Amino acid sequence: MDNFLIIFLYFDPGLGAMIVQGLIAAAAGILLFSKGVMYKVKSFFGLIKKEDDTYDSIDIEEEDTESHDKTD
Amino acid sequence: MTKPINTSHEASFRDPCGYMFYDGKILRRAINPIYFPQYNKLKESGFLATLIKKGLLIGHEETSVSEENIIITPEHIPFITNPYEWSFEQFRHAALLTLQIQKYALSKGFILKDASAYNVTFHKGKPIFIDTLSFDFYVEDTPWRAYKQFITHFFGPLVLAKYHGSEIFKMLQTHIDGIPVKLIASMLPGKTKLSSTLYTNIHLLAKMESKHSEDYKAETKVAKLSKKAQNNILTSLFDYIKKLKLNEESEWGDYYEKTNYDDQAFEAKKQLIKEWVLPLNAQKLIDIGGNDGTFAREFLSVVKDVIVTDIDSNSVGYNYHQVQRNNEGNMLPFVSDILQPAPGLGFNNTERNSLIERLAIYGPDVTLALALIHHITLSGNVPFYKSAEFFAKFSKHLIIEFPKREDSWVESLLVRKREFINHFDFYNETNFREEYSLFFQLEKKQAISGTQRVLYHFKNKELFN
Numbered sequence: 001m002d003n004f005l006i007i008f009l010y011f012d013p014g015l016g017a018m019i020v021q022g023l024i025a026a027a028a029g030i031l032l033f034s035k036g037v038m039y040k041v042k043s044f045f046g047l048i049k050k051e052d053d054t055y056d057s058i059d060i061e062e063e064d065t066e067s068h069d070k071t072d
Numbered sequence: 001m002t003k004p005i006n007t008s009h010e011a012s013f014r015d016p017c018g019y020m021f022y023d024g025k026i027l028r029r030a031i032n033p034i035y036f037p038q039y040n041k042l043k044e045s046g047f048l049a050t051l052i053k054k055g056l057l058i059g060h061e062e063t064s065v066s067e068e069n070i071i072i073t074p075e076h077i078p079f080i081t082n083p084y085e086w087s088f089e090q091f092r093h094a095a096l097l098t099l100q101i102q103k104y105a106l107s108k109g110f111i112l113k114d115a116s117a118y119n120v121t122f123h124k125g126k127p128i129f130i131d132t133l134s135f136d137f138y139v140e141d142t143p144w145r146a147y148k149q150f151i152t153h154f155f156g157p158l159v160l161a162k163y164h165g166s167e168i169f170k171m172l173q174t175h176i177d178g179i180p181v182k183l184i185a186s187m188l189p190g191k192t193k194l195s196s197t198l199y200t201n202i203h204l205l206a207k208m209e210s211k212h213s214e215d216y217k218a219e220t221k222v223a224k225l226s227k228k229a230q231n232n233i234l235t236s237l238f239d240y241i242k243k244l245k246l247n248e249e250s251e252w253g254d255y256y257e258k259t260n261y262d263d264q265a266f267e268a269k270k271q272l273i274k275e276w277v278l279p280l281n282a283q284k285l286i287d288i289g290g291n292d293g294t295f296a297r298e299f300l301s302v303v304k305d306v307i308v309t310d311i312d313s314n315s316v317g318y319n320y321h322q323v324q325r326n327n328e329g330n331m332l333p334f335v336s337d338i339l340q341p342a343p344g345l346g347f348n349n350t351e352r353n354s355l356i357e358r359l360a361i362y363g364p365d366v367t368l369a370l371a372l373i374h375h376i377t378l379s380g381n382v383p384f385y386k387s388a389e390f391f392a393k394f395s396k397h398l399i400i401e402f403p404k405r406e407d408s409w410v411e412s413l414l415v416r417k418r419e420f421i422n423h424f425d426f427y428n429e430t431n432f433r434e435e436y437s438l439f440f441q442l443e444k445k446q447a448i449s450g451t452q453r454v455l456y457h458f459k460n461k462e463l464f465n
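From first to last, the protein sequence lines are chains X and S. Residue numbers for the first sequence follow our numbering, so the first one is 1 and each next one is one higher. Residue numbers for the second sequence follow our numbering, so the first one is 1 and each next one is one higher.
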């Protein structure tokens, strides 16, 4: 894959925006970790409410389609 | 050069990877050789197929393959809504969809090379990604190049809407490439600096952007970011947006409590409209000023494609909420102000079509305009012939309700004119009918029992000649 050229960008990604992502990621990491701990504590005490939203998770489930692909 | 410039779509000239063009009436996408490696890999790995099957990316058929280009034909979307026409919920879902796709892409060795809000529109009741060429290969340990675009197109406007209301989305009409980060930061209250997500993604970003804005020679070292770190950014943005709510949000539900007629009259009106619309065998219907879609919803089972627009973002939001809850794939709600419809935007004023152009292309068989004319005429000071001209630009059959001067809402609108009330003596049925007859042919009229309102059915003179 590395021998393919990456398409040059037709808009400015912003240098500051490229550099700052490290810091943002660090802050996000701490936040997600502490949320994870809180979640475990809450679920231990049975305090988790099920939310009803079409966009529950950032992760796209793909088991069904993958297995389908393989049988094609 | 083989590029069919005269038929290429006005919204796609920036991307070197390909462009959209009209082949007769069909919109197709040409892929240039520079993008062949990406496209082939996206296709062979099943990546595109998975997103399409999941309903996250618009489907397409491969029409032709040659050395010069690959032509694909995307599934037809009857009506494109733009980000400044979405309710808060729609905007939120479009942002979440973009993050989902980027995270999934990353897990498969790709990235979204841009995160423009125009890459998303609403189709079959859900947001859908429409730019098939937005993907590129992921290079290990590189930051997300579209990150800033995601902030200026999605995250910033959403957070601003929380504090200033969804009116803020209209700013995207003047900032076609998103609201500048510095401007977003300056419009947020000081307390937002206390939120680690808002501080880093907006305030710190704005600071860093100003600091590095003069690095013309690109002297600063290239930044690195691990995949895991990037996933953390995506997940934290996703979690934040998922919980985001408008401060001003009103409770949904009682929209029709405010009508000035009783349940019986309401039912009578519904029945009458149904009786008139059904024989027209409409495939496409638009309800202008249609509130939360109560009337248009009556036609979902018989009309293939229904659009409802209203000036009130909250009722559009409530409509969208019902679309989600009831899985109404053929209902599309969006926000618009008829007195100031969305203009043509961008380079040459043609990158984004004006609302009227899009409506004319859509070509609804039936246009409903219920409880609207008194607002256009009396609040907007628009003469009858001018509103008739507006409707005539895109309506074949116009079913329009005329509240007489005796109607309590008309009375109150007139009273508010105070000493100028006499300037509005023209507001009566005779003038209305005469001026609308300049553009339309009167088919039927009938008083709605129990109200001071009359329902008219007009047929467009030009579109039927």
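Be careful, since some hints might not be right.
What the hints assert, rightly or not - Below, a sample of chain S positions facing chain X; criterion: calculated Cβ distance under 8 angstroms: (1) R145; (2) N201; (3) H203; (4) K227; (5) I361; (6) G363; (7) L455; (8) H457; (9) K461.
It should be emphasised that the hints constitute simulated quantities derived from the structure, not laboratory data. Computed from a predicted model, the values in this text were never measured in an experiment. Beta carbons are placed, not taken as given, at the ideal position from N, Cα and C, and that holds for glycine.
Looking back at the numbered hints, which does the structure fail to meet, lowest number first? 3, 4, 5, 6, 7, 8 and 9
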